[in-house]
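As a plain string of letters, each chain reads:
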Amino acid sequence: MEYVLWIPLLPLIAFWVNILLGKGVLRGQAHWPSVLAVGGSMVLAVRVLFDVIHGQTMNQDIYTWILSDNFRVSVGFLIDQLTAVMLIVVTTVSFLVHVYSIGYMHGDKGYPRYFAYLSLFTFSMLMLVMSNNFLQLYFGWEAVGLCSYLLIGYWYEKRSASDAGKKAFIVNRFGDFGFGLGVILIFVTFGSLHYMPVFERAPEFISRTVNIYGLEVNLITLIALLLFCGAVGKSAQLPLHVWLPDAMEGPTPVSALIHAATMVTAGVFMVARCSPIYDLSPTAMAVVAVVGGVTALFAATIALVQNDIKRVIAYSTISQLGYMFLACGVGAYSAGIFHLYTHAYFKALLFLCAGSVMHAMAGELDMQKMGGLKRYMPVTYWTMLVASLSISGIPGLAGFFSKDEILFSAYAAGGVGRVVWVLGTLAALLTAFYSFRLIYLTFHGEFRGTEEQRHHLHESPPVMTVPLILLCIGAVGAGWVGIPEILGGKNHFGEFLSPVLRHPHYEVSHAEEWMTMALSVTVAVVGIVVATVFYIKDTSIPVRLARRFPFIYRVLWNKYYVDEFYNLIVVRPTLFVANSIIEGFTDRKVIEGIVNGLPAFVGWLGAQMRKVQNGVLQHYGMIMATGVFVILALLLVKVLGG
Amino acid sequence: MIPLHWYLWLGSVVFCIGMAGFLMRRNIIIMFLSIELMLNGVNINLVALSHYMQDLRGQVLTLMVIAVAAAEAAVGLAIVIALFRNRPTVHVDEITEMKG
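As given, the protein sequences belong to chains P and A, one line each in that order.
Under the working numbering, think of the first position of the first sequence as 1155, with each following residue one higher.
Under the working numbering, think of the first position of the second sequence as 3, with each following residue one higher.
One thing to keep in mind: the hints can contain errors.
[Said to hold, decoys possible] Across the chosen pairs, the derived CB separations fall in these ranges:
| id | chain 1 | residue 1 | chain 2 | residue 2 | range |
| --- | --- | --- | --- | --- | --- |
| 1 | A | Ile31 | P | Gly1747 | 51 to 57 Å |
| 2 | P | Ile1785 | A | Val62 | 21 to 27 Å |
| 3 | A | Arg28 | P | Asn1750 | 41 to 47 Å |
| 4 | P | Arg1764 | A | Ile19 | 31 to 37 Å |
| 5 | A | Trp11 | P | Trp1758 | 43 to 49 Å |
[Stated by the list, open to error] Mimicking DMTMM-like on lysine to aspartate or glutamate, the simulated pairs with C-alpha atoms at most 25 Å apart in a straight line are:
| id | chain 1 | residue 1 | chain 2 | residue 2 |
| --- | --- | --- | --- | --- |
| 6 | P | Lys1765 | A | Glu96 |
| 7 | P | Lys1644 | P | Asp1234 |
| 8 | P | Lys1765 | A | Asp95 |
It should be emphasised that the hints constitute simulated quantities derived from the structure, not laboratory data.
Predicted, not measured: the structure shown is a model, and the values here were computed from it.
Virtual Cβ for every residue (Gly too), placed ideally from N, Cα, C.
Please work from the sequences and hints to get the whole structure.
So this is what it looks like as structure tokens:
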């Protein structure tokens, strides 16, 4: 299976080609190397999938990266069922986004740079999912973070875009700090960074504790929680979710690829990959489940009132990522990965549709200024409608199967699972509501924009709509590989992943399974109906509700004031320290003091010496005579004394 | 016979008078004469020691010093004349072009 090496290598080559030749040679044709490379990777990924289905897996080091005493890290690839699924998700979405970008980014002055970054991102993400050790995972982890930063700040002349890029990077540092500590702790504990020895030996350490300032902490729990810190940052979970909505400053295809389908799911992938570690720590599992469940509901409530089309989808992404962690936290890793896989398609589709709308509206993001677009852009409307039905969990579509499996697993797991099941079900209600609020505000009713915008309205070119239709097929059919048994299907997906991810069996009756499914469908339908009433039947209801509960509305509109809170406790103190202590004292006084003080001293010394050379001949003579006398006196003392 | 240290005292006194003149007087011609005095103070010492040690090298060196002093006087006076042509003064306080 040596050909797997080419899967990450092709996008890397495309990156270099675009960086070196893009500006001078390729210019408007810069999409070719990237699209061809990612297309090639996609074909190879499909081949990997078939090889894995036929039982071929691989865990091989190909290059010794670092060798220092007993610290040994290789660049190596682990190809198993989980990797195969991730490869398919990453390469297909990436390929469609690349194609879509040809139309969306047409005529942008940074066209080659855009495709270079996009290819670099694909390379990094593939390295992340194919890694067979923690350090390479960490490399991919940071590299996708870097690409995310570069692409969020792609329109760097725009202040808000460059700020958002920095915010994403800095917020991620908080999580990655914990992740890095986790990786170090794994090496200190196990003496290796390869997955397999670590996972095999993890049970030996189950009762080992470490002392942190007098507090006995279970070692495995500590490792699991530190790794989860990284996942919280990268996958935008509470309390580090603040960067993702701002990341919408980047080009929309980037939001679809990085901030919906792939990079943000790296945290879920990591937790699933490390499931042998998480399984040993019920505490860490409970934390993962609760963080996931609370985030799912929390983000969904914010999405209810936002007017920025991309931000609604961004909060929706945070909420859906919460579902995935919820699933992992109750031990249903394959359900989490299943949702990751279906979510990649319908969420990428939602973003690309939003991009198509923006394309028609000349960059307008405010849904209050849209409306009635259905007539002008039918392909976008229908594909987005399907994606919204899918995310709401309407039976038969991809989102239904994965979300239902998650909610059922949470319910069946019992204990903390029941709590997060309630959170998840409530979030499902809100998801259906805000998804259809978005559809109604954007595509139904009367057009509320300017006349100028109305003239400009048009359906996007085929290079954009074809990826929409292809993703739409995914949003419908991706779930059919995991149909629950009570519907007469078979969970092929969970079975496929079972060699890697523990597949829990629950002692729950069919009646209860029917109950959870019926409930999740009911809340979905209720959400859609309520949205229809609010935004089609009687559009005055939302306004009246906002007036009736001004406090709740204000809190939601301001996203629970999390940004303001961080501004107060993190940003301002940091700026204060940076400005008054680091800059004001260390920089200005100490460093500039030394740098400017030394030449000033030498200059002063020179000025003093100059005074000696006053041109008065007799002073020179005096100095000379004094010198001669001093030397003579010394010689005399020496001769007499010696 | 006059003892050696008398000669040495004489030489030292002449040298010191010369040096004091060089350092204190402002007139450049007088300073010039002072230098000659210093040289001759040294010459007296050299000749006295040469005689005392029965070694002619001291006297040879003295002749050499006199030759150098003559040359120096020629060059020095030429400089003084050149200076006086440009600046009508022989006062060294007013000649500070060598200032750093």
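Results of checking the hints against the structure:
no., hint, verdict
1, Ile31/A x Gly1747/P: 51 to 57 Å, "holds (54 Å)"
2, Ile1785/P x Val62/A: 21 to 27 Å, "holds (26 Å)"
3, Arg28/A x Asn1750/P: 41 to 47 Å, "holds (44 Å)"
4, Arg1764/P x Ile19/A: 31 to 37 Å, "holds (33 Å)"
5, Trp11/A x Trp1758/P: 43 to 49 Å, "holds (47 Å)"
6, Lys1765/P x Glu96/A, "holds (17 Å)"
7, Lys1644/P x Asp1234/P, "holds (21 Å)"
8, Lys1765/P x Asp95/A, "holds (15 Å)"
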